[in-house]
Amino acid sequence: MTDAPALVARDLYKVFEDRKRGRITALDCVSFEARQGRVLGLLGPNGAGKTTALRILATLLKPSSGSVTVLGRDVAREPAEARALVGFLSGAAGLYERTTARELVTFFGELHGMPPDRIAERVERLAALFRMGPFLDQACGRLSDGQRQKVRLARMLVHDPEVLVLDEATANLDVLVAREVLDFVRSARDLGRTVVFSTHLMDEVERLVDDVVVVHRGRKLFDGPKEELRELGGGAVETAFFRLVEAAEAASP
Amino acid sequence: MRRRVVLSVAKRELRDILRDRRTLFATFVLPLVLYPALLLGFTSLAKSAREDLGRRELKVAITRDGAPFRRPAASDGDGVAETRATTRPAGDDAASDPFLAALLAHPRLLFEDRGGAAEAAESAARGDVDLALDVPSDVGRRLARGERVELAPTFRSHDPPSKAALEAVREIVRDVRDRFAPLTLREADASSGRQRASALFGGVMSFVVTIMALLGAFTPALDLVAGEKERGTLEALLTSPASRRELVIGKYLAVTACAVGASLANLGSLAFTFQGLAGVVASSGASLAGSVGFDAAGFAVVTAALVILSALFSAVAVAVSAYARTYKEGMAYLSPLYMVVLPLAMAGLLPSAKLETLAIVPVANVALLMKKLMAGEHAPGAAALAILSLAALAYAALEATVKLFEREDVLFREGKGLFARRKLEPGEPPPAPTPGLAAFTLVLCVTAVFFSGVVKDRVLGMFVQFGLFVAVPLGLSLAARFPVRETFATRAARPAGYLGALVCAAGGVLVAIVASRVLGEDAAKETSEELKKTVLPLFERSLWIGFLCVAALPAAAEELLFRGFVYAGMRSALRPFGAALATALLFALMHMDPVRFGPTFVLGCVLGALRAVAGSVWPPMLMHFAVNAFAAWSTVVAPAEDPGLTLPGGVMAAMVGGGVALIALGLFLAGARPRRALGAAGGDR
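For the protein sequence lines, the chains are A and Y, in the order given. Heads up: the first sequence begins at 1 in this note's numbering, then just goes up one per residue. Heads up: the second sequence begins at 1001 in this note's numbering, then just goes up one per residue.
Among the hints, erroneous ones may be present.
Derived lysine to aspartate or glutamate pairs resembling EDC-like cross-links, with alpha carbons at most 16 Å apart [said to hold, decoys possible]:
1. K1456(Y) - E1057(Y)
2. K62(A) - E1051(Y)
3. K1163(Y) - E1147(Y)
4. K62(A) - E1057(Y)
5. K62(A) - D1409(Y)
6. K1047(Y) - D1457(Y)
7. K62(A) - D74(A)
8. K1354(Y) - E1377(Y)
9. K1354(Y) - D1052(Y)
10. K1328(Y) - E1230(Y)
11. K1163(Y) - E1057(Y)
12. K62(A) - E1377(Y)
Honestly, the hints are just simulated from the structure, not real lab data.
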């Protein structure tokens, strides 16, 4: 396990034009690095810019300025190469209702240009890993929330990506499934994968994350190891987070 | 059941529905406007078609005892051939035959000599004349004696003018019967079963099938993109290494397959149903059983046309779907689309609509082609033009859809609409139209021409048509925030630019004079006849109105549209002269006249080159005005004494050489710039 940054986001700046609300700066010069074999937690309240940042990492959105490189590949210039290295999971993402879990994961393997036997092999491995056997050939529309989340994980992992980007991956899940997701993230880290994980839950930060980036209203308030953040709050991440946000609000109300 | 609870549920739902402006528009406002507008448009088109038919002279070939019917003077021996020309035969026979007299006196019947009875009947069957009728020489005598007489006119029941001619004859027969003896008609319908079936069912069938192609594309397309957005499955798709182009074309293929399936299934089912109906319905006394459908070649052409029409609809539907946030929002966009497609799909229901004139009007061309092929009539040229223009359009629409799919502000619609205004980042080039948008604009304009036919007054109609030529691209430019000045190249040219334009015009006129001689008398005559028919009434109002409508309006509107907007679109992908060439091609196609294609293409090339070298739309506008004004002046105001005058080959070669040299000089003048400003302002190089 080396300590080289696998993912580098430089001066990300993103502006949306809104007919009613005018110009919205979703990200204002945000930089961070995710190191191989570590979990980077993107922490912030709702509307802080977490999802926008992760969507840029996943090449869904283009930054207004700034750049992202994944293992040396520039996301804007080589989107296809970068996408092959990244697995993206959003808690809100849907599944095709009339497609079975196996068909869905196979389809994404095909989009990645993988050969059929390799896809079949990956599907079997992921099905074993997430204990998907009983519902592998059922239409996604008939699965429970927990089963659906497993299908999403399998979909994200079909091409065995180096960097995993998870946007609120445990939202709307019961504690049992949420724990399974967190366990998976931990095991992926232990296998040397790089993980970027956004959340607004302090508990998840405490249990899972190695490095933390705190964002608020599109600005970065903190960037460093979890221990450092904890010290800032006198031993508790939550206290540190409140202090950072309050200070920022006081500076620019 | 508690009534209050039911009512409050209903109230809440209604409030919710009424707050959705799109639903309101689609359910209430649109129908209020749509059907009256459709009815108005359709009836006025049908009325003008009826009036056209009412004005038309009806060609009738009459024979006497099976022999050609000639003027008594012609029977002397000489000048027999002369009577092939359309004449109104008169003779002593007429005096003794009340039927023949009434026939010859009819104001709308025009008599043509087509030889003996058999040849005449053949002419009527082919459609060269509207009706053939043999009138035995003893009819007058027998009528006077009160004997029963039967006549057998040949006509074509599927052809409106032919039916009108028959109706005129029937009227005379009724009149004669009232005054004399029983005179009856044994009508011989020369229309084939297919032709009659097409006249009966073709309009409805082509209408339903084209509309079903639209629906067949729309429903799956909405589910494929807007539905994916709604269910949140699009994100995962977009994070895969598949490019946006691969994704959109894959989806597009699936939608097209559905649309093709839907239109072919409807075609088959309708043909089958009408086939059954045809067995019951008899037309002109003959059953139409087995007459509904196509021959093998016709079926192949119709299938090809439907595939391409489906491809076009699919591209539009996928674009709408990419833009819409939800399935429901997408459905709301279907109604305005209907408003455009519906009247076009009705083309087959209009008896006067001809495939030849509407070959590049999308949707209408497919409907008319289908109807024509149902009648067993093949028109390879018009069919090819229709299919090729549709294919070009479908391709442009697909390209535009791919572009739309690549725009994150459209795909994610983070509060921002398609036409939202965005401040340009410093150093960012201003947006410009693309070739696809240019092609799309032209189609809108062609379609606008189709609709502006509703306006009765000719001059007003021209103002509407040419106004739309400017309004459509201008509106699109404003919506998309293209800089108007640059897009339409409305910056003034240097004086040399205008001088160059006039020199080019002089050269163009020289070449055009020779071209009209070389193209042959027939083509030239046909064109000028056609021109006279449309242009003459304008000049009859006043010289100024004539020149305004024939020279000034087209020059201004067509140049702003073609050398302004379309050129700018082409220029975004091509070098200046490539853009000029592409623009000229579209310019020639838009004139929808195979005879004039060559001349308009050459004219378009010179106009485009002028636009390129002068960097302004005004010099080509001046040249266009000068050329049109000369054409109008020479054909209408001061027509040549002898249009058939042939020029010696040497003179023609010299004229062409001089013309080309003048054009080259004009372009050089327009492009030349002061030494100090070299390479700076001016031309679009």
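- Task: Output the numbers, in ascending order, of every earlier hint that fails for this structure.
- Result: 1, 2, 3, 4 and 12
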